[in-house]
Amino acid sequence: MSEFPRWKVIWLWALTLVCVIAAIPSLTSTMGLPWPASLPEPKVNLGLDLAGGSHILLEADPSQVRQQRLEGMEESVRTKLKQDGKSIRISDISNREGALTFVVAEPSQVDAVREAVLPLTSGAGLTGQRDWDINVIDGNRFMLKPTDAGVNQAVTQAMDTAVEVVRKRIDALGTKEPTIIRSGPTRIVVQVPGLQDPQALKNLLGQTAKLEFKLVDTAALPSDVAQGIAPAGSEIVPFINPSEGGGAPAIAVKRLGGIRGDQLTNAQQTNNQQTNEPVVNIVFNSEGGAKFAKLTTQNTGKQFAIILDGKVLSAPTINEPILGGSAIISGRFTTESANALAISLRSGALPVDLKVVEERTVGPDLGADSIRKGMIAMGVGTLALMVFIMVTYGRFGVYANIALVVNVLMILGIMGIIGTTLTLPGIAGFVLTIGAAVDANVLINERIREERHRGRKVIQSVELGYTEASRAIFDANITNVIAAVLMFAFGSGPVKGFAVVLMIGIATSVFTAVTLTRMWVMQWLRRARPADLNL
Amino acid sequence: MKLLKLVPDDTNIHFLKWRVPFYVISIILMAASWGLVLTKGLNLGVDFVGGQMIRVTFVQSPEAPVVELREQVAKLGYGEPVIQRYGKPNEISIRMKLPEGADHDAALSDRMARTITADIKQNHTDARIDGVDSVSGKVSKELGWDAFKALGFAALAVAAYIWLRFEWQFGVGALFALVHDVTLTLGLFAITGMEFDLNIVAALLTLIGYSLNDTIVVYDRIRENMKKFRKMPMPELLDLSVNETLARTIVTSLSMLITLTALLLLGPDVIFGFTAAITLGIFVGTYSSIYMAAPILIWLKVNPNSFVPTESAMDKQERLARERG
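Going down the list, the protein sequences come from chains X and C.
Quick note on numbering: the working numbering labels position 351 of the first sequence as 351, and the sequence is numbered without any gaps.
Quick note on numbering: the working numbering labels position 301 of the second sequence as 301, and the sequence is numbered without any gaps.
Looking at chain C on its own, in the form it has when it is part of the complex (with noise of 0.2 Å):
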């Protein structure tokens, strides 16, 4: 049987020539996101700003009532709703921002569901109400500092793990390329205003894993190569070890794809959020190993001799023993 071959064998692509546009162009998606997510914002669910999530199946209807909904619950008198659809268009999920007063009286934001879903079942027969959730500011406060604190700690966690197994300027690449990953999945949530929950800081934690697979790969060829060759210039270093590994980061990344397609298309409609953010953070993931954590290792001059077995007093001996004979 013929196999497939992705990749031809001894391939030679100069990846590092386009470093410098690379970068810049980067650098200005980071800024972009950056400004996206501090100016327009990221649409936070109810687990950060608090308030309830309502959600709705309109089970015989092809598509949700969205407007007439919007107006009708508007009515109720509990402030404008945010209505949006997951999954398929006749899934809807309807946010409301705490009712005054409800941090002291529960019973308020008890009855404001109570009341929304009640209406809506009155006037649409064949709404389900699919769940109901209900955060109050104190706890949303925890969730988001909580949320804040295992992103910070794993970043900075991980990248210490790779200064500790690899050098200083590995730890510093691999932290850019994860702040890189990072930020681009979110400028991706500011710009599209898919929901930002808790699931997504799970996805963005799974996503400072995972990139930083296809970043521990690439580095530890370079390790290796740096050992062999000694005296091979650091761009050309790089670019042989990232076009080593090409093979396996296109079936990597192929495989990660297909797994991936398959829980987008077919997977629970209410992961969707979370499954996109992997998603891209997969691939922005694979592009910054390669563009962004190997360059960062030219700038940053890492010494050539770094991972060369310095000889022990006791090699040494030997050494010298055996040359005398």
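Chain X with its partners taken away, still in its complex shape (with noise of 0.2 Å):
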């Protein structure tokens, strides 16, 4: 038990050097020191909270998704049925009530609607899922069910696509190392260190940015659009703007015939050459130009709406085909709008629409005094509690107080090395595993204490008094783990950063204070061979 062999003796050490070189980057690093950009460096990355920055949890509605899938298919169906040429007809259509519903005109055509509609509701997984449920109620009238395994998957495919645009469009705010990643079915965490403000950030990220043209119904009556009422076969949409609409505050436009604005190759905020307002210049690729050209060449004479996530831009006359693939977007803008719409439609539109549920934004002023206190707190804490263990242990108290110091550097070495995040809390996290590391060290030296005492040998002594109260100190080590695994668990943010200090310095408390300074005072008692301790 009392021999260190020298493999034994060279592997501490080492162990010891491999974590303690480990912690000098995140050192330099928060005392503002340069470190050479040639050698690797495992720092300690600050959290938000420390650093300055904004976390922003966004959240996507999965009944929006399901509303989409049944839009969706409704133009499919119609499609599908019109390409047929079996001149088959269908009405009384509804997507309402989580169901695309239609009736088929004719009772003997049914199967052949069945027949037609069934390559569309299988699912593109492997799995070979339904992702639609067909039923036939009353004879004629066919009901599509979405599956909630095909939601599922589908609010999947969205969240997955959202946090791709979400990337784009923060990359394009030109901010540095933001941290973008799922959380949960219909959840994304934005990270973004040292911004000052996030507003920028959220108006960015609470734009859908879906555009589409749509043809205005012009045959709607001014008095029913303005009740809400829509003629059959188009939808009211309202102005951004009223006073766009010539003091209307919604327009009636066709549902179908549309086009998205989604393929485009490019977005730029310009300058109307006329009134020097603020616009968006759009670019569509090859295909969404030829539906641009198309679109524009069938209607021309007519009106047609430009609408960003449902509400109406503006509504200007086709005067002439539009042919070269580009168009110009105007709705009253401001420059920022505009150049927040330009990066939106550029990064393209999000799949989903995205609501901030949870904010925290801390200024870099704070962070920075967060710091700075906590490292003197810790550094006047650690040496106050220093003396008192030297001046209660003497030499026992020295090789305490080394392992103290090991034992902090060891945890920033370790933190570095897994590249986890220092929180305010975790600071807190520093200042509590000093203590308890020292409370393995005190139980130690009071046992040895005690058993001479009792009239042990000094070699005895110290035996017992490392076996005897090990068994204390794993006890409650073990507990201290349980609480911060379940910390972890269920934590959030700051909270898991310190739960994380917490762990790794349970772990390094136990080897620098029982290991190491075993192995210290078995090489003095050899070398040395006191008579009596001071102790």
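By construction, these hints were calculated from the structure, which means they are not laboratory data.
Heads up, the beta-carbon is just placed ideally off N, CA and C, and yes, glycines get one too.
Hints are supplied without guarantee of correctness; some may be wrong.
Sample of chain C residues facing chain X (criterion: CB under 7 Å; computed from the structure) [what the hints assert, rightly or not]: (1) D130; (2) D133; (3) K149; (4) V158; (5) I191; (6) M194; (7) S255; (8) T259; (9) P268.
If you follow the hints, you should be able to join the two separate chains into one complex; please do so.
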């Protein structure tokens, strides 16, 4: 037990050394010293509460994805039945209440319709599961209901796309080192360090940027539109800015036959040459350009609405076919909002609306203040503690103190190597770990005192001190690990950071306070062979 | 060098003599804490009730104009703000409930924060906005539930571990001591009106871990002594164990006090409540491991033979063989 063979000594020192060396980059960076770029840099990341920055939690509404699927299915069914050329007429189409329903006019055609619709309803998934359930009610009423599995898969896809879109938009803002991760089935966590004002970011993320061009239903009566009643095949869309509609708050547009503005190669904020008003210039890709050309050619002289996220930006008249593949969007923008729209359009539309459900922003001054105060408190606390331990345990206290310093460096080193984040509560975790690490040495040293007092020999007392105290140290540390693991599992951001420091600290403190000090004490005993202990 | 010895050797204090009065006091304090938490309530932060918290430092003023700010913010029409100091007198947090309908329209709460910060900046040129926390109703409910689960699971898990390592009576004792510590800390938060947020939950979890440190050290010694002194009556044995570990208890408590005081006085203002909770908890924990966790073993009638190693069949054969020579 008391023997420390050479290989063990070397091994312990090597392990200690590696962790301590790994701590150096973290130390220099917290103190603001330079670090040569040619060397690897296993540095502790500072959490947003220390570095300053914004943490934003975005949430999507899965029912929106369900509705989108219903609308998409309606479009597909219509197209499919038209293509079949069997002159199948359907009516009473509805996509409300979570299902697409329609009535086949000729009951004899029900089987033909079923055959036509069936390929649309099997999922792209490999599991062979159906994305839609088909039911026929009352002989000729079809009901297509999306299955939960199908919707879930669509939500997952939508969220994957949303993460990509969010990343592109944040990159466009030019912020450094953003963190964007999925959190649960419908959430995205965005963390941007060092951001003074997250407003621009939130504006950008809050904009779905679904751009549509739809024909205005000029047959709709203004009185109906005002009351929100849409003619068959049309829908009422409000103006983003009522003055654009010449006083009318909303306008009726044809539900079908429009095109989406998602096939773009570029979007730029420019100024209108005549009015000098900020506008957005969009450039279609070849497919989008062809669609836009077709729309404008077939509807020259008619009015169409430019709709952004369900609101009409403007409703100009098509004076001539637009064949060049680019268009100007106006809508009483400011330079900022036009620029934000251009970024959003460039990055593509979000497949779902995202809402900010949690935001935490810390100014860089407060963060810097916290680090400074945390470091001072830690320094003063540790020094005072070391003095106390030294006057209480003498030589044994010095060993405990060296172990303490090694412990702090090891925690920093390990945090750097595994790339964890130091948060504000994490600093408190550090201080606590220091207190707890000392407890192990207190337990051991008090036990050695006790055994000496009972009249045991020096070497026996030391050995008993370590073995007898180890049991309690072990049990106490296990309970701390249990608490820390649960904190990690249920905690959010900063609390997680605290739990990580605690867990690392528990492991390193057992190593430094028990294993290392025992090695030092045993080596000293063998060298000096003291007849009595000053303890 | 003469070393510092805070506790003399061979103390023989009859701690357990006072176990009944201390139990009565503790139970009254616990009941009072629960009463306070239920009637006065905790000053829950935005983490648990939703809403917004804006931190402002008035850089050039010795003190934040709290009264003026309260009127000024109330005038904006978003309801009454809760304004509190944290840390220095010129650092305040302004808390607002989320405006009605904010769960459906995120822009509403955004606009509220923007209006308030713009208004403060306009009226106070030295105001520095240090941070904005905005939590929706849905997320705050989840955070509250997660915190509750974490605390509950942690308490049960560590109690189960103690049961596993010792006996069921020890598990019950540890659990009771733990509930005692957490309850009194909650009572402190209710009585002082310090803000109760996610960080405090982390503090309570830490407390669960660390207050058990003491309990385990005492229990470990009790177990050891139960093996050694088979015939000693329980109260005497508990007193002996507490006395034997007293020096360690005092030195460790002082060590913790030294570091935590440094953190309380010099540390970041934002985590003052967090540090305060842990500081109080550590001391309540030391007390409870002596007066709550130990005496309960008498009442729960720990079997004195619990930790006597039973003789295996092989041991018996060997012993008999030795006796036969």
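Hints and how they fare:
1. D130: holds (4 Å)
2. D133: holds (5 Å)
3. K149: Holds: closest Cβ of chain X sits about 6 Å from C/K149, inside 7 Å.
4. V158: holds (4 Å)
5. I191: violated (23 Å)
6. M194: With a minimum Cβ separation of about 16 Å from chain X (threshold 7 Å), the hint on C/M194 is violated.
7. S255: Interface hint status for C/S255: holds (5 Å vs cutoff 7 Å).
8. T259: holds (4 Å)
9. P268: holds (4 Å)
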